[in-house]
Amino acid sequence: RILAMIKGSENETLINEVVLRTQAQAEYVAENYGHFGLNLRRYAHFTSPIRRYADLIVHRALITGLKLGDDGLPKSTTLAELREVATRISAAERRAMAAERETTDRLIAHFLADQIGASFDGRIGGVNKAGLFVKLDGTGADGFIPASTLGGDYYRYDEAAHALTGERTGESWRLGDRVHVKLVEAAPVAGALRFELLSAGRTVATGRAGQRRRGAPYGESRPAAPSGRKSKAGSGKAGPGRTKPGKSGPGKRR
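Counting with our numbering, you get residues 8 to 261 for the letters of the sequence shown.
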């Protein structure tokens, strides 16, 4: 229902990824637990042509069960042996996926290594207390913006809102926000990219007097909203504000 509600919206891809991350990691098991994603009580994981060792196991089991030839599983095969196979191939698949991600990150970093200083548009795809994770449009490259580079402020991490907010400036960035960034470092060996934020964040109420403009010297700030009372000097203006990141089967289950 959630995915149907956001279909076609600008945050569709991001929300799909977040929902996917909440799902339990798939694993191969010897018992038939069905398939949660497909809402099936009985499910066997195999493809034709055979692409994985799990496919081979299931094909051989079918050959034995249906008496289709001599290429099936030995009749002496035990459930304990199948469980051991399931554990090993689940671990192997996780290693393969990690290797694939690492290779992709290294190739993207190598591709962008000669574009240091270039600016890109992207979207915040992750937030923690260390900083912001940004996914670039077009290439899909992922990079990091350390919280220490966001400006002269102390940024508090709101886990529930997936946001970093400046304690004094009120400037805030949260999951899904569009951003404009500059590439400042590309490390092909590590497969890492580091960005500098060029665009301003949204403003949230902090109870402080004002908000420093991005790039402005400390002490220079946007005026706060009038309070309805004049200052002692009679100017009617507020004082300056302070300034300061598988599939399922027998199968595989989720």
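Mixed in with the good hints, there may be bad ones.
[Said to hold, decoys possible] Simulated restraints, written as ranges between beta carbons of each label pair: (1) Thr20 with Leu69: 20 to 30 Å; (2) Arg48 with Ala125: 27 to 37 Å; (3) Ile9 with Thr111: 20 to 30 Å.
[Stated by the list, open to error] Pairs of lysine-lysine residues, derived as DSS-like cross-links and limited to a Cα-Cα distance of at most 30 Å, are as follows: (4) Lys14 with Lys142; (5) Lys142 with Lys82; (6) Lys136 with Lys189.
Just so you know, these hints were derived from the structure itself, not from any lab.
The beta carbon of each residue, even a glycine, is placed where N, CA and C say it ideally should be.
- Query: Which of the stated hints cannot be reconciled with the structure, identified by number in ascending sequence?
  - Reply: Failing hints, ascending: 1, 2 and 5.
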